[in-house]
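Chemist: Quick note: the sequence shown, position 674, residue 673 per numbering that gives the first Met the number 0, numbers continuous.
In short, the hints are calculated from the structure, not lab data.
Hints may contain errors.
To be verified - Straight line, CA to CA, 30 Å or less: simulated DSS-like cross-link-like pairs of lysine-lysine: (1) K677 x K66; (2) K209 x K67; (3) K639 x K349; (4) K619 x K639; (5) K729 x K209; (6) K235 x K317; (7) K67 x K2; (8) K66 x K209; (9) K242 x K317; (10) K669 x K451; (11) K232 x K174; (12) K677 x K209; (13) K209 x K475; (14) K68 x K209; (15) K514 x K677; (16) K2 x K66; (17) K512 x K645.
Nothing here was measured: the structure is a model prediction, and the numbers come from that model.
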Amino acid sequence: MMKSCLFCECLAHQGDPLPGHLLRVAESAEAAVYDAGEEVRRIAFLAGLLHDIGKATPYFQINRLQKKKRDRLTSHSLCSACVAWKATEILSMPLWMRLSVLISILRHHGNLQFDSWETAYSHVRQQVRTDEALPLQLESLDLENILVWISENISRYVHDIDFDQEDFTVEAVRKSFSGVRMLQIRSCFAESSDVLGFLAGYGSLLAADKVDSAIGTGLARPHIPAELVTIYKAHKFHRTNQKMNRLREAISVEVQEQWAAHPEHRLFTFTAPTGSGKTLAAFNAALHARDRFSAMRNAPPRIIYCLPFTSVIDQNHKVMADVMRLCDLGNREDILLKHHHLVPGLYRSKETEFDSEDAGALLTETWQSEIVITTFYQFLHSLISASNSELKRAGQLCGSIVLMDEVQAVPLRYWQTIRHIFGRAATTLNMTFVLLTATRPLIFPQDDPAIKELLPNHPEYFRGLSRVELFCHAEKIGLSELCNRLIADLQGRFRSTLIILNRRASVKSVFEKLKEAFPDLRVILLSTDLTPWDRRARIRLVQGLLRQNIPCVVVSTQLVEAGVDFSFPSVHREIAPLDAIIQSCGRSNRHNGETLGTVHVWKLCREDENGELKEPTWSKIYDVPLIDATNDVLTIAEEKPGGTVKFDEKDFLALSQDYFQRCWGRIDQKDLEEYWLKGDFQAFDRVFQLIEEGLPRLTCFVNRTAVDDAIWKEYQSIYAGDSDNLAKKKRFRRIRHRFYERVIQVYGRRDPQRDPMILLDSPDHYCRETGFLRLPEKEATCVF
0 MMKSCLFCEC LAHQGDPLPG HLLRVAESAE AAVYDAGEEV RRIAFLAGLL
50 HDIGKATPYF QINRLQKKKR DRLTSHSLCS ACVAWKATEI LSMPLWMRLS
100 VLISILRHHG NLQFDSWETA YSHVRQQVRT DEALPLQLES LDLENILVWI
150 SENISRYVHD IDFDQEDFTV EAVRKSFSGV RMLQIRSCFA ESSDVLGFLA
200 GYGSLLAADK VDSAIGTGLA RPHIPAELVT IYKAHKFHRT NQKMNRLREA
250 ISVEVQEQWA AHPEHRLFTF TAPTGSGKTL AAFNAALHAR DRFSAMRNAP
300 PRIIYCLPFT SVIDQNHKVM ADVMRLCDLG NREDILLKHH HLVPGLYRSK
350 ETEFDSEDAG ALLTETWQSE IVITTFYQFL HSLISASNSE LKRAGQLCGS
400 IVLMDEVQAV PLRYWQTIRH IFGRAATTLN MTFVLLTATR PLIFPQDDPA
450 IKELLPNHPE YFRGLSRVEL FCHAEKIGLS ELCNRLIADL QGRFRSTLII
500 LNRRASVKSV FEKLKEAFPD LRVILLSTDL TPWDRRARIR LVQGLLRQNI
550 PCVVVSTQLV EAGVDFSFPS VHREIAPLDA IIQSCGRSNR HNGETLGTVH
600 VWKLCREDEN GELKEPTWSK IYDVPLIDAT NDVLTIAEEK PGGTVKFDEK
650 DFLALSQDYF QRCWGRIDQK DLEEYWLKGD FQAFDRVFQL IEEGLPRLTC
700 FVNRTAVDDA IWKEYQSIYA GDSDNLAKKK RFRRIRHRFY ERVIQVYGRR
750 DPQRDPMILL DSPDHYCRET GFLRLPEKEA TCVF
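Produce the complete structure using the sequences and hints provided.
Modeler: Next comes the structure, spelled out in structure tokens:
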């Protein structure tokens, strides 16, 4: 056995003393979960304090740090976890908290790859029994000084603890593990609130450890004035539509007052018509709530604003960035952070800038910001995942204010799960949720006392608006007939028109026929056949044309219907679930102009070569019960040639309530809480699919310009080299954002003999007008 190293001289990393690293991580993890209560704080603090204690062996200090060797003796997680297991036993912590600390330390460099708490515990118990390195590691620790140091630092929770070195021998550790029966492990997480406490503690350890290793002491939290949105609105809207602005301001004031009147409440809905300023009203109220909470808490709560689609995030982030710039707070990710899979990872604070190759990506991915704008996927998978890379945000959620915009976009089969998670997170992690919507989905029943509506008189606002008329056509028609009717409508009375269809092939077909019929008109296609770069440019183009009153026709998939700031006089929508139809109505006469907007809903069917109508084109995209409920509510279930039903905007709220009530009884709810209680995070991750897998897809890189070509060649050089995978990932991170801006996915089965990234570098494969055309006959590929 090697001679012990003095604990005070041990290093966590080169140049970083181990005691200092452990204490900083413990305090940072504890601070992150402060609002979650003492039990979660203790888990986070103890996991942070002991997570690398196994690095104090001479095997790690000499062989790993100095000689750069790796073997069983230089590993540290199991040794650290054993010290923590005995320490929590002596501290008489409840079994669920002990297991939380144990698993957090064991898995702080990995994922939660087990199918139950018993499996996880059985595995570590077997390791303790059989691992030949563990006795040598425990015997080589400077336990005398380590235990004194632990006692001193846990005095904030427990006083007068005198640890005995004999309690930390390998025999004592093995006896401790053997003394806990599997039946106890199976039932130790009795409530999902305990599981949330574990996830928050585990996530806070992950983030604190990674950030400390990357930049040392964490970043200071900046101050944000509560009046930011008020200042912005005074500057931005003083000359625009007065009637609509008065309505938006009335809504904003009422929401702020209602929230202030219920300071202890944690679950809210905010129901208001589309285009009525929900986003800015919610941000304004959240900033004032944050100000009030700051006076009562250890630190101000973060605001996390969640949207269903990345295409909408860019737009909303731009608005909030404009808000910040007016108060000299612009271009700072420590204040306003955008996070989804395409963000570049640049991170700036007042004093420092971190690029994606440095700590920027880490600070972005761990949400080290006051306001985070992200997707439903990123937010929900911060709690519903087995992945270390996603769970490292869990601690940042504690005490946060979460604004869920367009919450009806969460698949209805998960509403019960969402209700349970949000309810538990509100009580356990002290989180505040605001569900923003124009349709009031029944995620929480309207009579549920746990939830408060921030705009109680929202029915009056719906009744007071008359911006659009909705025409629902009962007759089934094919795509060719729809094109004929669209062409006749545009020839008879041209107005800028938005056409929303369910399938990319339908979008391309309608686009080509309208382009042929109106060669001098701006006809624009929008779909995911276009790269993210081209889609974003196309959305900006359309917004510019609408602002300048330049006539245009846009043919798009559903990507524009939720939150994209379009306002067309006329909208045509292929039939979809009612909440999607009402969102589409929000793209017509959004700002309440003098001319009434019109929205037409069509029931499209496939056509065979003889023009005979076949199955509806919404099939395999939407669940049958959702369309059945929509047909029933709109009274167009029966096919009536020429039959049309008209609704006014004031009817939309009642239609939505009727629709969701019908849906609730037709869709099987997936209650996934059992996976949490069992400890099967991998199964939870598999079953909870916000993004349906659907048909197999191929990934393609679009190479059209010299810039694209340079990115592709850099990508090839990264993955063609001999460097290890970690070095390749680090190099790729530098170009990841620009690379994925040029990537699309198309339907098709990948040949396992071919490489997965397909190069589209010819006008025959991709054109900027319509996007993807076809795959190359001989794939030009590079190993990803």
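Chemist: Confirm or reject each hint.
Modeler: Now for the hints, and whether the structure bears them out:
1. K677 x K66: With Cα atoms ~42 Å apart, K677 and K66 exceed 30 Å; violated.
2. K209 x K67: Holds, because 21 Å separates the two Cα atoms, which is no more than 30 Å.
3. K639 x K349: With a Cα-Cα distance of about 64 Å, the restraint between K639 and K349 is violated, given a limit of 30 Å.
4. K619 x K639: 24 Å, holds
5. K729 x K209: Judged against 30 Å, a Cα distance of about 15 Å means the pair holds.
6. K235 x K317: Holds, at roughly 14 Å.
7. K67 x K2: 19 Å, holds
8. K66 x K209: Distance of about 23 Å is within 30 Å: holds.
9. K242 x K317: Holds, at roughly 25 Å.
10. K669 x K451: 25 Å, holds
11. K232 x K174: Judged against 30 Å, a Cα distance of about 66 Å means the pair is violated.
12. K677 x K209: 28 Å, holds
13. K209 x K475: Not satisfied, since the Cα-Cα distance of roughly 57 Å exceeds 30 Å.
14. K68 x K209: Within the cut-off at roughly 22 Å; holds.
15. K514 x K677: This hinted pair is violated, its Cα atoms lying about 57 Å apart.
16. K2 x K66: Satisfied, since the Cα-Cα distance of roughly 16 Å is no more than 30 Å.
17. K512 x K645: 28 Å, holds
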